[in-house]
Structure formats: C-alpha cells, structure tokens
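Asker: Chains X and P are the protein sequences, given in the same order. If you're matching positions, the first sequence starts at 0 in numbering that gives the first Met the number 0 and goes up one per residue. If you're matching positions, the second sequence starts at 0 in numbering that gives the first Met the number 0 and goes up one per residue.
It should be emphasised that the hints constitute simulated quantities derived from the structure, not laboratory data. For glycine and all other residues, C-beta sits at the position ideal for the given N, C-alpha and C. There's no promise every hint is true.
[Claimed, not checked] Not the full set, but computed from the structure, chain X residues with beta-carbon under 7 Å of chain P:
hint : residue
1    : G37
2    : G38
3    : L50
4    : P54
5    : S64
6    : D72
7    : Q74
8    : P141
9    : A142
10   : Q193
11   : A196
12   : T199
13   : R206
14   : M209
15   : G216
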Amino acid sequence: MRASRRLLASTDEEAVVAPGNRRWSLRRRLTVALSGFGGLAIITLTVAPLLGPTPIGLGRVFDTSIPFADNVDAQIFFIARLPRALAGALVGASLAVAGVVFQALLRNPLATPFTLGVSAGASLGAMLVITLGVPVAVSGIPAVPIASLLGSLGAAGVVYSMATLRHRGLSTTVLLLAGVTLNSFFSAIIMFVQYSADFTQTFQTVRWLMGNLDVSGFQPIVAALPLTGAAFAMFATLPRALNLLTLGSDSAAARGVDVLRTQRVAFLSASLATGAAVSLSGPIGFIGIVIPHLVRLIVGADHRVVMPASACLGAAFLVGCDVVARTIMAPFELPVGVITALTGGPFFLWLLVRRQ
Amino acid sequence: MTQRFAWFILVAWLSLVDVLHTQTPQRIVSVIPAVTEILFAIGAGPQVVGVGSHDQFPPEITDLPRIGGLIDPDVEAIIALRPDLVVPYATQGDLVTQLERAGIPLFAYTHGTLRDVLTTIRQLGKRTGHATEAAAVARGIEDDLAAIAGAVSGRRRPPTLLVIAREPYSLRNLVASGGSGFQHDMLALAGGHNVLNGATSRAVQVTTEILLQTAPEVVLEVRAEETLSASEIKKEIATWQFLPSLPAVRNSRVIFLTGSDLVIPGPRIAQAIARFALALHPDAPLPTQ
C-alpha cells in the first residue's frame, strides 16, 4: 500500500509538472501560488465592500454610538455590500474549481460547469417558480433558489444515470453527450415557459438568467454554505487522482487510482458546487472556463496547485467584476456576466497568444 | 400633355387612397391592452374585430378573436381579420413593416406620460369617428385627476418607492418606476415623492444598496395579477422583513395593490391614481369612486 502510494506520488509529479516549473518543489509552487492568488482574493474581498455607487464613511460604518436602524452607512456596508462580496467569492471559487474538475473528468478543455446541463436544470427550476409563482419558501429561503438547486441536482442525476446505465463504470463520452443533449432539451422547455409567461415574468426570467450577486443579506449565503462546504471537502480529496486521470483512465487505473470512485466523487462534487452557486447567483458564465485555463497557464497543470489557485482567482475575479458592474454605470448596474466576459475574454486571449 | 395627365391621375389616385385610409375604420385590431380599453371607453368597441392575447378588460372582449401580444403578434391572424385599422406598439417593427406592406392603415402607439394617455384618447377618438365621446372621456379623467390633486395638495409627500416587479418571495431582481413615464406621473399626482426621481428611465433595476440609500418611507407595490390570494399578498409584504431597517418596513408602510388598472395607461388611470392616493394618504378627502 505504502509502496503504491509512493509510486503514485512520484509518477504524477513527473507526469504533470509544467515545463517552466520543473525545478520547483510542490510545496514551493503551492506556497507561491497560494500567497499570490490568495493574497489577491483577500485584497479584493477587503476592498470590494468599500466601493460602490454611494459614498460611505468607514468611521460611520463602525460607529456603534449610532443605532443600526439610523446608520445608513452601516446598513449599506453590512446588508448590501459585504454579503454581496462574500456571495461573489463563494460563487467565483465554486465555479472556477468546478470548471477545473469537469475539464479533468471529461478530459476536455472546453468543458465548463454548465456543460453537463446543471445550469440549464437550475434555470428551468427558477423559470418555473417565477412564471408559475409557486408560493413555497422553506424556512425563510425563497422558492427560486430552492427550485434552481433541485433543477440542477435533477439534471445531474439524469446525466449521471445515463452515463452509468449501460456501461461498466462511468462513460465520460456518454456523460458529455447526455449533458449537451439535456442542455438543449432544457433550453427548449425554458423557451416554451418563457413564451407562455406574461411580459413582466419574461423580464424577470431574463434578468435571472443574466446572473445577479445582489443577495440582500447573509441568509442566502448561509443557506448555500453546507452544500458548497460538502463540495469543497470532496474537492480536497481529488487533486492527485485527477492528475492521473488526465492521462487516461487506463493509465490511471494502472497507477492504482480507483477510477470509477474518482469519477463519481468528481462529478458529484462539481455538480453540487455548481448547483449551489447557480442557486445563489443565477448562471454567471465565463468563470468556469477561463479561470482554470488562466491558472494553468500561470502555475502549470498540477491539480494540487491548480485547484486551490483557481478557487482564489475565481473568487477574486468575480468579486472584482462585480465591483465594476455595480459602479461603472452607477446608480444602475450592469449584469456581472457582461463584465466577466468583457474583461476576462481579451485578457485570456492575450495570455494565450503571448504564451505561444 | 399625356405626361401631365398621368401626373394628374397619379395625384388623384393617391388622394383617393388617402381619403379611403382616413375614412372611419370599421374593422379595428388592437394589440395592446391600454388601446383596447381606450377604444371601448370611447364607444369604438363595436368596430373592434380583434384584440391582444393578454387583454382582459373590458368584459365585452371575451369573445373577440385574439391575435397575439407585444412579443408574439400573429401577423397572419391580424391580416385574416381584414382590418382597416391596426394599432400596434411602436417597438413592433416587424409587425409594422409587414402590415404596411399589406397596405393596412396603422395608428402609431407607445406608452408615454400621463398627459400622453389623454392625448392618445383624443387622437384615437378622431381616428375612429368618436371625437366627441373621446373628448368627454378625456375631460372626465382630467376632472378626476384635478379632484385627486386637490385632495392631496398641501400634504407632505412621503418618499415612496413604486415597485413594479421582483422575484417571488424575495427582494432580488427588483424593478421600480424611475423618474419618467406614466407610473412615475401617477405616483406624483397621488401625492408621493418618487425616491428614484433622479433616474431618467421608466423602469429601474434596484439593488439592495439603492434601496437602503434612498430609504423610502413608503413602499408601494403594484401587480397586474388579480389572482393573488390575501395570504400570498401577506407573505409578499412579509418578504420586506429582509430589510428591517428600511423606514417603510419599520413604520409598516409596505402597501401591496393588485389590479390591471394599476399598470395599464388607459381610461381607468384616474381610478388607479385614486387608489395610490388612498394608500399614501389614507385620511385625505378623496372623491369616492
């Protein structure tokens, strides 16, 4: 057992270390990456609540002599901005790591957290609640997040059972095809629901699909936290196995990886993280595909570094984009998805060209 | 000489077409709820042969053919009704182009300000041969508006947020009336001060930060659906407890009104403004409806 583990460690070390980083030990790479990306995330998270369309005084925010009910600065800081920044960090980190995991699982660089129908399922759930006005609110959590979470988990369940039904093990090809098909299928139902909805409802559904981090309070974050926490706990077990899985499932199995178990955990955790993120903020595109690639371009392909670095950069990037989205046209705000694609896209292309 | 004659024929034909077009239409198709209401209010109801799929008022339209709505007008169904006047919405570019190609006369309509509602009523009256009735309807509305304005004049205008839409049982994706358009005018006439006065657009997506910053003393929510039950409305009002520090929430001045009259800039607009006024100033000597 010990021998096999040592073998496992040595092979993946050799196999997937990026060319530029060959001389650095894992510990050193991890320290540098985490202090860089983690520092960026912490700085963004600290600065984000201070910026916004309304000027607020930091002294007044923390002035306990003014009752909270009369202290608008404190209200804006604690009810509007801080939860918003935290939601952005949670969603950004979840989508970025889910992107990494899906790309490794499907061995496809174009995979995103939304490839396998998880977000389409979530969107369908949300659409149904918005248009049918289902009056459910479980212990204070409004119906839309719950429905979108159920939709995403339902979609993941369908795709997973498709991929395991007729195959020994988990067929990633079927997973991918079933996911893409389910995506179009759900999109068709979404279109139908939107078409039969009335005008204000259609507007609401379109706004939901654009994504929105304005969670107005900590409660939605607290509600999403157990799922996200469970997903990240599973993520923590994956990096080593994913390193080997990217070489192909046969090679991974030959090196002692329980391939099926790894695939299951990867699929479940990434779906859970994506479902929780989408139910919190709606589908915010681009992060799940660009952040993983960006991180790989910088730190190499080792998942032990890529996964934590992606979480940090995803969080920093989304929180930063949200600051831009809500200040650039203040007092109005742009959908944050517009900013993520507009800023991240060109930068990613530039990095891609420069590296080659 | 022949050329002159040809010109004469052409001009004569064009003027004939013009005359025919401006003749009183007998087969009118209305796509937008507000226009349908206006047509029936001014006595042009018997000339209406088709209405929009979302139109609900007045009850006389129940049996009329439906021809789609703002986003999905059914051109084929409209043309099949052989209309001699169609009133589409200004943004329905494709529909307008197709109807023009079919040679069907159109009346350009768009939602505007409160004053535009009265103008539209008068113009539609002239166009449909009911100028006198339309003028009377418009004057009646003007009188009602003057009465409401008189009843609330001199009173403090509470800073009010007029909420048009939001996610069910949540304060997310909240849309409120900005500083222009008929809904803003309705609020102003009813004796409220729109906290989003500064916004130039008609509808504004409002974030939590803007809600807290503008600190409305009254939240007035309007919904077109009349199907919401009392308990559902109660729950929707309770949703505002997410922001307990908002002045309107602290003073329990979140008011939820339902009814299509509140969101349709048609002949029932004075009645809707009176409901606003009553909500904002419960003790004002408002004329009873």
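Asker: Each of the hints needs a verdict: does it hold here or not?
Answerer: Against the structure, the hints come out as follows:
The beta carbon of X/G37 comes no nearer than 27 Å to any beta carbon in chain P, farther than 7 Å, and the hint placing it at the interface is violated. Taking 7 Å as the C-beta contact cut-off toward chain P, the hint placing X/G38 at the interface is violated, the least distance being around 27 Å. Checking X/L50 against chain P: minimum C-beta separation of about 11 Å lies over 7 Å; hint violated. Among the interface hints, the one on X/P54 is violated; its C-beta lies about 10 Å from the nearest C-beta in chain P, farther than the 7 Å criterion.
Taken as an interface hint, X/S64 does not check out: its beta carbon lies about 16 Å from the nearest beta carbon of chain P, beyond 7 Å. Taking 7 Å as the C-beta cut-off, the interface hint given for X/D72 is violated, the closest approach to chain P being about 9 Å. Interface hint status for X/Q74: upheld, as the beta-carbon distance to the closest one in chain P is roughly 5 Å, under 7 Å. The beta carbon of X/P141 comes within 4 Å of a beta carbon in chain P, closer than 7 Å, and the hint placing it at the interface holds.
Annotation: X/A142 was flagged as interfacial toward chain P, and the flag holds, the nearest CB pair being 6 Å apart, inside 7 Å. Nearest Cβ of chain P to the Cβ of X/Q193: about 9 Å, over the 7 Å cut. The hint is violated. Interface hint status for X/A196: violated, as the beta-carbon distance to the closest one in chain P is roughly 10 Å, over 7 Å. Because the closest C-beta pair between X/T199 and chain P is about 5 Å apart, less than 7 Å, the hint holds.
With a cut of 7 Å, the hint placing X/R206 at the interface with chain P holds, because the nearest CB-to-CB distance is about 5 Å. For X/M209, the interface hint is violated, the least distance from its beta-carbon to any beta-carbon of chain P being 9 Å, above 7 Å. Because the beta carbon of X/G216 sits about 6 Å from the nearest beta carbon in chain P, less than 7 Å, this interface hint is met.
Checked against the numbered hints listed earlier, the structure breaks hints 1, 2, 3, 4, 5, 6, 10, 11 and 14; every other hint is satisfied.
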